[in-house]
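**Student:** Work out the full structure, taking the sequences as your base and the hints as a guide.
Number of protein chains: 2
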Amino acid sequence: MTTDPARPPARRGPYAKSRRRRESIVAAAHEVFAARGYRGGSLQDVADKVGMSQTSLLHYFPAKSDLLLAVLHLRDSITADGSPRDLSETLVESVMRQASFNETVPGVIELYTVLCAESLTDNHPGLDYFTERYEALRSSYLRAFAALADEGRLRPGVDPERAAATLVALWDGIQTQWLMAPELVDMAGCLRDYLELVVLPE
Amino acid sequence: MTTDPARPPARRGPYAKSRRRRESIVAAAHEVFAARGYRGGSLQDVADKVGMSQTSLLHYFPAKSDLLLAVLHLRDSITADGSPRDLSETLVESVMRQASFNETVPGVIELYTVLCAESLTDNHPGLDYFTERYEALRSSYLRAFAALADEGRLRPGVDPERAAATLVALWDGIQTQWLMAPELVDMAGCLRDYLELVVLPE
Chain W
1 MTTDPARPPA RRGPYAKSRR RRESIVAAAH EVFAARGYRG GSLQDVADKV
51 GMSQTSLLHY FPAKSDLLLA VLHLRDSITA DGSPRDLSET LVESVMRQAS
101 FNETVPGVIE LYTVLCAESL TDNHPGLDYF TERYEALRSS YLRAFAALAD
151 EGRLRPGVDP ERAAATLVAL WDGIQTQWLM APELVDMAGC LRDYLELVVL
201 PE
Chain A
1 MTTDPARPPA RRGPYAKSRR RRESIVAAAH EVFAARGYRG GSLQDVADKV
51 GMSQTSLLHY FPAKSDLLLA VLHLRDSITA DGSPRDLSET LVESVMRQAS
101 FNETVPGVIE LYTVLCAESL TDNHPGLDYF TERYEALRSS YLRAFAALAD
151 EGRLRPGVDP ERAAATLVAL WDGIQTQWLM APELVDMAGC LRDYLELVVL
201 PE
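As you go down the protein sequences, you meet chains W and A in turn. According to the UniProt record's numbering, the first sequence is numbered sequentially starting from 1. According to the UniProt record's numbering, the second sequence is numbered sequentially starting from 1.
Keep in mind that the hints are not guaranteed to be accurate.
All copies of an identical chain are treated as equivalent in the list; a pair is satisfied when it fits inside any one copy or across any two copies.
[Stated by the list, open to error] When the alpha-carbon atoms are kept at most 20 Å apart in a straight line, the in silico SDA-like pairs for lysine to any residue are as follows:
(1) Lys49 - Asp122
(2) Lys17 - Thr55
(3) Lys49 - Asn123
(4) Lys64 - Gly40
(5) Lys64 - Leu127
(6) Lys64 - Arg36
(7) Lys49 - Ala70
(8) Lys64 - Arg39
Derived by calculation from the structure, the hints in this document are not laboratory data.
**Tutor:** Below, the structure written as structure tokens:
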């Protein structure tokens, strides 16, 4: 996260201070949940990391689940899901750009992988977020593959709906393997190979 | 898990009783870890489920991590990773058989998904198991794809090593999506599509 030089300087005073406090809490929670999971990481761990009492922390985030959602939305602002940046960027370009970017932020990928699977456990407050996220991702890639099919650029026989689910699945799964053995797993190469199999050259 | 009628009846006496006790503890831990994760599920939860004190449980499994490894090995005995059952079964047949079987055991798939991702968190006793498992799976599918390449049945341009990592990744990722939305995700269809893309018909 860098400061945008085109932006006006942040406002001073109590509001700006409160916002910075919130940001530092969310950044600390991001580290704690990536290292220990949501269930394994306590509010006390987060409070300790920002040098604040748990009572003060609860003033900013009344429940641990509020902090989880703030962390997930921070993640969304860091990674952009490989959705096309503008109309001139192709599906393949945007996936490759995002995959290369992800290799620079293993902590963010770990957080996502850990919380996503953990959300399958009983009464986890992250389940709706991940379920909706998958539906949105599949819809987005379905539209991209359907548009390619209209242009005659989807390999004959490829089903756009299953291809969308497959791309999302492959991406998730290869990230897990890469986190465990980054020197053995060619994350971007596997994604590129798949896209080259299903998308015909212009 | 069914009883094999071809097997001799289990031995009676203290050894058989102890073995049954271990089995019921591992089955209970399987449920607890699938529902709450390894960190979120306590030894007390497991002890309560089998109606035993935590002290008695520790007689069978001295540490929680021993119980985790026993649960992972039980999982291995339930699912067989889609490796060919015998020489006459092709790669495609064995993957499809295993994928169809997995749809009948969502609890086992959930356990695997939750523990695998959780093993990425700090000092998790399951990390070596999963890291080694991925290496073994990639090697196994690499051999299968390399053999198909030797027969001229791998699509030209497909790299057997990346295809092996891709198949494993797709399988993991599609299981996660399927656990969240079984009615929306065609797990076996996505795996079949991928194999049909890379493996040429005989």
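**Student:** Is it within, between, both, or neither for Lys64 and Arg36, if the alpha carbons may be no more than 20 Å apart?
**Tutor:** This pair counts as both: shortest intra-copy Cα distance 14 Å, inter-copy 16 Å.
**Student:** Can you tell me if Lys64 and Leu127 fall within 20 Å by alpha carbon in one copy, between copies, both or neither?
**Tutor:** So Lys64 and Leu127 pass the 20 Å test inside one copy only (15 Å; across, 27 Å).
**Student:** Check Lys64 against Arg39 for me: Cα-Cα at most 20 Å, and say if that holds within a copy, between copies, both or neither.
**Tutor:** Classified as both; 10 Å inside a copy, 17 Å across copies.
**Student:** For Lys17 vs Thr55, is the C-alpha pair at or below 20 Å within one copy, between two copies, both, or neither?
**Tutor:** within (18 Å within a copy, 51 Å between copies)
**Student:** Treating 20 Å as the Cα threshold, decide for Lys49 and Asp122: within, between, both or neither.
**Tutor:** Between. Shortest inter-copy distance 16 Å satisfies the 20 Å Cα cut-off; intra-copy 28 Å does not.
**Student:** With identical chains treated as interchangeable, where does the CA-CA distance between Lys49 and Ala70 reach 20 Å or less: within a copy, between copies, both, or neither?
**Tutor:** Intra 17 Å, inter 35 Å, cutoff 20 Å: intra-copy only.
**Student:** Please sort Lys64 with Gly40 into within, between, both or neither, judging by C-alpha distance up to 20 Å.
**Tutor:** Classified as both; 12 Å inside a copy, 15 Å across copies.
**Student:** Using 20 Å as the alpha carbon limit, work out where Lys49 and Asn123 are close: within a copy, between copies, both or neither.
**Tutor:** between (27 Å within a copy, 19 Å between copies)
Consistency note: the structure conflicts with none of the earlier hints.
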